[in-house]
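> What follows is each chain in one-letter form.
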Amino acid sequence: MLALTYARSIPAFAVVKAAGGRADVATSALSMLKLGDVPEPQLPARDWVRVMPSLSGICGSDLAAISGHVSLYLDPLTSYPFIPGHEVVGVLDDGARVVIEPALGCLVRGVDPPCPRCAEGRPGLCYNVTEGPIEVGLQTGYCADTGGGWGETLVAHPSQVHPVPDSLTDEAAVLIEPFACCVHAALRGGATKDDMVVVAGAGTIGLLTVAAVKLFTPPKRLIAIAKHPTQRDLARKLGADQVVAPADVFQRVRFATAARRLEGMNRPLLLGGSDVTFECVGRADSLNDAVRFTREGGTVVVVGMPGEQKVDWAPIWQRELTVTGAYAYGTEPKRKGRKTFELALEAAPEMHLDELTGPLFGLGEYRDAIAYAMSAGRLGAVKVAFDLRRLRA
Amino acid sequence: MPRPGAVIEVDRNTPPVLFHFGEGIRLEKMPLGARIVYPPDPLEPIAHPERAIKRALAKPLEDDPLKSLLRRGMKMTIAFDDLSLPLPPMAAPDVRQLVMEEVIDMAAEAGIDDLHIIAALGLHRRMTEDEVRHIVGERIFTTFHPDRLYQHDGEDLENNVYVGKTAQGEEVTLNRRAAESDLVIYVNLTLVPMDGGHKSMSTGLASFRSIRAHHNAKTLLASRSYMNPPDSALHQSCIRQGQLIEDTVRVFHIETTVNNHAFPAVANFMQKRETDWTPQDQAMFLATKQMTDIMPPAFKRNVFHAMRAPYGMTAVHAGQVDAVHDKTLEAVRKQINVPVEGQTDIVTLGVPYLGPYNINAPMNPILVVCMGLGYLFNFYRNKPVLRKGGVLILTHPCRYEFDAVQHPSYIDYYDEVLADTKDPIEIEKKYEIRFAEDPWFRQLYRKSHAYHGIHPHYAWIWAAHAMEHAGDIIFVGADRDVVHRLGFKCATTLDDAFEMAEQTVGRYPSVTHLRTPPIMLADVEA
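As given, the protein sequences belong to chains H and P, one line each in that order.
Quick note, this note's numbering runs 4 ahead of the 1-based positions in the first sequence.
Quick note, this note's numbering runs 806 ahead of the 1-based positions in the second sequence.
Think of the hints as simulated: they come from the structure by calculation, not from any bench.
Built from N, CA and C at the ideal position, the CB exists for glycine as well.
In silico negatives: residues of chain H with every beta carbon more than 12 Å from chain P:
| # | residue |
| --- | --- |
| 1 | G25 |
| 2 | P85 |
| 3 | V306 |
| 4 | D316 |
Facing chain H, from chain P, some residues (calculated, C-beta under 8 Å):
| # | residue |
| --- | --- |
| 5 | D1218 |
| 6 | E1222 |
| 7 | P1245 |
| 8 | W1246 |
I would like the entire structure built from these sequences, with the hints used as guidance.
Put into structure tokens, the structure is as follows:
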């Protein structure tokens, strides 16, 4: 089958990293990513199913891996070579449309009894990601045995497969996985109706976090930080009460919260500030700002996948901030233990998510696709995806 | 003999006319038949200001000589106007210094020890020590600062007292030291008819609670104009408050006026009509133009803000507030009045680099509006030079540029409020209290050098009358995004602006250019 494969190669990684992750180098012959014919993944157990991806999104974490910006923390949690792609809408052999919940926890791996985290309904935090009939890997798309969305076929455990309602197009359904991440993040952030919330970043995760917070934990006011015009428009459409440029964030949050602003030698800080901040960029500048404009005793939810970033811990220490990660999905105790994917699938039809998807590329156009995705915000795009439907036609 | 102001009709021989353009200047050719209104030449100043001051204090208007009011052991307070006027700041010695030195000498002779001097800055920013020193002079500064020479704080709950309510329900507060003094001597400098009189105490030594009674959209819209006190609801309100203050505390009022010699020798060409420019003036114009065209804004600002005006004192009166102020207004009008026959379809104005609220700071977009549509438009008596529904054309680069120290609340007003609405009444309903009571703005006003949180709203409503009166407002050479945020139109050149204006006022419109500064008041034939 035709697939894009990511192979572990220290020299290739070094070359791409040295080039600053430039798209032309990150997709060149010297890179870790290759297009070619590979064997179809085998079903690891009898109950597993084959899924033929229709659309598969290019996620920020994929780009981080391809461009050499990924945290090396994730390296031992990944098996190589793997076929990337974990934002997937596809079809089963019987033609049913499904989205994939990629987390590879105890249930998927057939480990019984499950680890304590899986027992809590948090497969993203599974202890047993090295166990079972498949290789090590946190998710489909980072595991050598499951295949991924950037190939013609992947294999999935039935618990990973969620039917897509007819009301949801493929273009909308491909965003269910990132949306589920954001629903989980919103519920972890736990904003109340009296809170002032900031969502930093307006890529896919930022925009969907805006939507999730407004839907699941509506605060008193939500300020979104967006850099590009299309992002600003979409943030407003998805429910942000106010959209501000990154350079204005201290000014705007200060005014919204009647905080006090002090000028530091490198950057300002607020006395007071937002109650809950969702950091959806994952870069040092944004993280350092977030811990300075979130109020004392407030919460910073790290949603965007960060790499190894230089963050000043003094504000976290002095302001007694709760800095919490929000990774993946599972079941949500604050929603009576319902699955995050179900919540996302229920909410999605009203959200016109398809407006966020595009342009679509064939696997053969992967160089253009990766380059486009790396500059998506500037080019007015949100979710760039591969369209594999043509391969089946 | 100084020439009075003049109205010149543009013909083929009329040279291009000077337009101020923020920290720059332009020469523009006006259309044939347009009028150019020039301010009067500077009046001859009083030759011996100290003697005139002594005379005024010895023979006050409707009051006893100051000397007779002074007695040993009394509690005396001198209040003086802040640096928001004159513009540009006056070359030393400032007339307020001369008056205060005389008053302090008299107080010392009378054996008064309990004497405090307060800068009556109302909700303006606190001045720096150098700025205070410039106004009061080295001797007073060294003797009294900081314990007995300080600045009014309208947000100091302890040190502002509630005086009462006027018959119209306007609340009045007053600086505690002034309210508890046996005698308050107010030392004023009146540059324009809006200043002075009862407005001095009722804004300069008051708090937001008191000032909001007249600094509001409704009052400003009912003032036609606030540069002409008899037709100004703003002034009627200040007078009512001032009378209540007079009933509470013994006030001896001293007002001074200066001529309109606003520019030092190097910028003398700005003072003169273009037809009077000498070769030296032309050379200075070219040099200034060259400098302002190529230098960065911050450099130009430093050069311009360093200028001190060689104003000369033209009058000093002392005594009862109303009696003094009548004489003062007479003196001011003598200097700045220019009779103008009838209104026109289009009025053009060059907005200069400086207004009352941006000394040593950039003129941010809201202050550009305040200066152009507020002050400059309102310099009229009877009726505006611009006909109702006419087009006002202003020149200013209008950059998104704010001074975070002086104007922190202006940034939020521009970014948040003006993005929401431009309507002064609606803004007041939604945002007045929020800006006035923001704790951080309060702190910056009290401890730093920031204008009060509510001040950008005052700057905005200062333009309310012009915004309501004009059919269209066009900025020439300005930042397009900024002008659109302000709610106006933008043109690249003056010719483009004239062409755009024709859509509102029709073809062959009548045009008047008000060549100011120096300041003038168009006395438009009723």
